[in-house]
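Student: Those protein sequence lines, which keep their order, are chains Z and L.
Here the first sequence is numbered in this note's numbering, starting from 44 and rising by one per residue.
Here the second sequence is numbered in this note's numbering, starting from 311 and rising by one per residue.
The hints are simulated quantities; they were obtained by calculation from the structure and are not laboratory data.
Every residue, glycine too, gets a C-beta built ideally from N, C-alpha and C.
You may find that some hints are simply not true.
Computed list of lysine-lysine pairs in PhoX-like fashion (alpha-carbon distance at most 25 Å, straight line) [said to hold, decoys possible]:
| id | chain 1 | residue 1 | chain 2 | residue 2 |
| --- | --- | --- | --- | --- |
| 1 | Z | Lys159 | Z | Lys187 |
| 2 | Z | Lys199 | Z | Lys187 |
| 3 | L | Lys323 | Z | Lys159 |
| 4 | L | Lys700 | L | Lys616 |
| 5 | L | Lys323 | Z | Lys187 |
| 6 | Z | Lys159 | Z | Lys149 |
| 7 | Z | Lys149 | L | Lys323 |
| 8 | Z | Lys149 | Z | Lys199 |
| 9 | Z | Lys199 | Z | Lys159 |
Covered stretches of chain Z (in silico footprint by chain L; criterion: 3 or more residues with CB under 8 Å from a CB of chain L, positions within the stretch not fixed) [stated by the list, open to error]:
| id | stretch |
| --- | --- |
| 10 | 95 to 104 |
| 11 | 137 to 146 |
Here are the chains, one letter per residue:
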Amino acid sequence: MTARVNVLECRDLRKSFGDNAAVKGVGFEIAEGETYGLLGPNGAGKTTTISMVTGLLERDAGEVFIDGEPLTTRSVAVKRGIGLVPQDLAIYPDLTARENLIFFGKLYDMAGNDLKNRAAEVLEVIGLTDRADDRTDEYSGGMKRRLNIGIGLLHKPRLLLLDEPTVGVDPQSRNAILESVEHLSEEGMAVLYTTHYMEEAERLCDRVGIIDLGEIKAEGTRRELVQMVGQHDRVRLDAGGPLDAGVDALASVPAVKKAGTRDGGMEMVVDDAGQWLADILAKVTGAGVTITSVDVDEPNLESVFLHLTGRALRD
Amino acid sequence: MRQAWHIASKDLKLRFRDRSAFIIGVIAPLGLAAIFSSIFNPIEEFQFVATYAVVDLDGGFVATQFVAGLEQFGAASEDVKIVKAASREEAIALADVEPFSSEEGVDAAFVLPPGFSDAVQSDNPVALEVISGQAGVGAGLAIAFAEQFASEMTYARIAVAGFESLGGTDDRGAAGLRALATPSPVSVESVETSDKELAGKTFYAAGLAIFFLFFTVQFGVNSLLEERHAGTLSRLMAAPMRRSSIIAGKAIMSFVLGFVSMVVLVVATTLLFGAEWGNPIGVFLLVVAGIISALGIMAVVAGFAKTAEQAQNYSSMVAVILGFLGGTFFPVGQAGGILSDLRFVTPHAWFMQGLGDLGAGNVGDVLPAVGALLLFGLVAGTIGLVGLRKGLQS
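Produce the entire structure from the sequences given, and follow the hints as far as they go.
Tutor: Here it is in structure tokens:
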């Protein structure tokens with residue numbers, strides 16, 4: 044087992060704007076190849092946190108380390124390891140996609156053929172090779188979003204920060220963006236992904252921090268979060284035969300917390316259905332029950348957020 | 311610092327691509343200079359030519375002296391022609407004809423009536439008629455010539471009267487001639503100052519160049535606020551460079567735009583309109599100092615504006631007010647009073663003053679103006695830098 048290497052560590056980040064405390068003691072770590080999600084509604088403090096992590100915003104308190112090196116707003120060298128994809132589009136509309144990439148590449152001390160080749164690679168990754176030499180003010184919203192991400196990736200950062208990169212994007216482009224992000228962690232990049240879309244956090248993130256009102260309310264894998272708030276999977280079997288016998292058989296499966304019959308089938312509450320489903324089906328069929336369909340309802344982060352904050356994610 | 315050059319290079323590309331810098335920095339001032347030049351060139355190139363008629367109906371001593379003096383004036387200048395007319399009616403007819411439209415016409419006619427000489431010599435009043443068909447420089451000069459003659463006659467009469475009261479025994483004519491031959495106790499000299507205002511086309515070329523320089527320079531300074539509005543500022547600030555590099559990039563871009571614009575204008579107005587800017591080294595010093603002063607003042611405006619639109623509005627107001635006050639459209643220095651002194655609170659006035667001094671003297675004469683312009687740049691630039699840095703931190 045390889046040791047966990049943290050690319051980003053931030054501790055007790057605090058930031059107030061006047062009397063409004065936007066971030067109140069946020070801290071987390073992200074390891075190499077890990078995608079960490081900050082999930083919370085608008086105004087939760089996600090962008091303020093990212094701004095402090097990238098050194099854009101002076102923090103009132105707290106520490107940020109990139110690969111063990113402290114980061115402040117005045118840091119120069121440390122910033123080479125960070126790629127930022129801001130929530131608002133940050134591209135020059137009068138330049139082409141290639142010119143945008145080349146310009147930002149130069150700011151990261153890239154030059155010559157290395158820069159040209161890398162720009163071509165990124166254009167390929169974000170699917171803009173065919174339109175690389177068109178001015179970006181002629182692009183669709185989705186294309187601009189993809190370029191916005193491409194610029195963040197250009198210099199192969201150790202840590203990529205994506206601040207709600209799919210806001211206002213059509214479903215097709217959104218899917219393309221999510222696929223791109225999935226590949227990043229495979230390449231060993233540490234990714235901090237902020238979103239208020241539960242589906243994105245569940246799909247992309249190895250770990251998620253639930254943030255609300257400037258505080259991380261809970262943190263962990265999806266399963267850990269679900270368990271943390273005492274929620275379990277619900278499994279329904281449409282079945283025939285001796286259903287009561289099937290229910291009795293499930294008593295020997297420790298993950299099954301509760302089981303019963305209902306509407307010509309069986310229903311049960313299970314801790315991690317994904318892991319125990321095969322055992323459950325074996326026990327039930329062993330008791331003579333005939334199964335016609337299986338339906339697993341896993342609790343999602345939306346319900347976790349609701350449990351933790353008393354509010355829906357999109358409130 | 312390398313990043314600052316990259317930022318400046320990118321901004322220049324954007325400005326040349328949208329042509330805004332070209333229009334504000336070159337086309338507008340060149341166009342206005344052409345308009346002003348076309349208005350003022352005919353006045354500068356105007357050459358005085360006049361024809362006068364004279365009718366001597368008297369034939370006496372004084373009248374003969376007047377005609378002789380007039381002919382002497384005509385002989386001394388190729389541009390003044392004297393013709394004789396036989397009668398007052400002929401003189402009126404000649405004066406009624408537009409002299410520019412016909413060689414037959416005259417600008418004015420002098421009529422010396424019968425008994426003119428006797429009247430002058432006997433202290434009786436008499437009229438020397440000046441007939442002109444149209445107002446103009448030629449007619450005005452004729453009246454001035456006649457008035458000068460009348461003044462001299464009055465002077466001679468006073469001298470003769472004084473001579474007689476002291477018991478003089480010579481005849482009045484000889485006494486009068488002696489009085490006229492006596493040199494005037496007061497002489498008038500024309501002296502050109504070394505502290506000269508620019509003239510004509512050079513004035514307008516220089517005035518419009520420095521006026522539009524402020525608009526050109528504001529592109530770079532205000533683009534910092536545009537970067538914020540466009541969202542690209544966050545990317546620049548997240549890049550591995552000092553924030554001062556971002557400001558330096560904008561300053562470099564402003565300087566280059568301003569310099570290119572000024573060089574184009576200096577060369578173009580010299581070749582096309584005949585503007586005389588003076589010694590190139592002195593002009594270079596003034597241009598560089600002028601750009602620095604404009605950069606400082608525009609940085610103050612941008613440093614305290616909240617949006618790019620606000621900065622653009624403020625910049626335009628400041629540029630127009632300083633331009634007018636500094637005398638880029640009309641020579642405020644000649645207005646006298648408080649305006650004449652107040653103009654020196656603007657870089658424009660120092661720039662114009664520097665060019666005026668350069669035209670009248672040598673390169674060293676521009677140093678006070680260059681110093682004043684650099685001081686403007688230093689003071690305003692320091693204040694502006696504080697505002698811009700504060701803006702980057704918020």
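Student: If a hint holds in the structure, say so; if it doesn't, say that too.
Tutor: Okay, the hints, checked on the actual structure:
| no. | hint | result |
| --- | --- | --- |
| 1 | Lys159(Z) - Lys187(Z) | holds, 20 Å |
| 2 | Lys199(Z) - Lys187(Z) | holds, 20 Å |
| 3 | Lys323(L) - Lys159(Z) | holds, 18 Å |
| 4 | Lys700(L) - Lys616(L) | holds, 11 Å |
| 5 | Lys323(L) - Lys187(Z) | holds, 20 Å |
| 6 | Lys159(Z) - Lys149(Z) | holds, 11 Å |
| 7 | Lys149(Z) - Lys323(L) | holds, 15 Å |
| 8 | Lys149(Z) - Lys199(Z) | holds, 13 Å |
| 9 | Lys199(Z) - Lys159(Z) | holds, 14 Å |
| 10 | 95 to 104 | holds (count 4) |
| 11 | 137 to 146 | holds (count 4) |
Of the hints listed earlier, there is not a single one the structure fails to meet.
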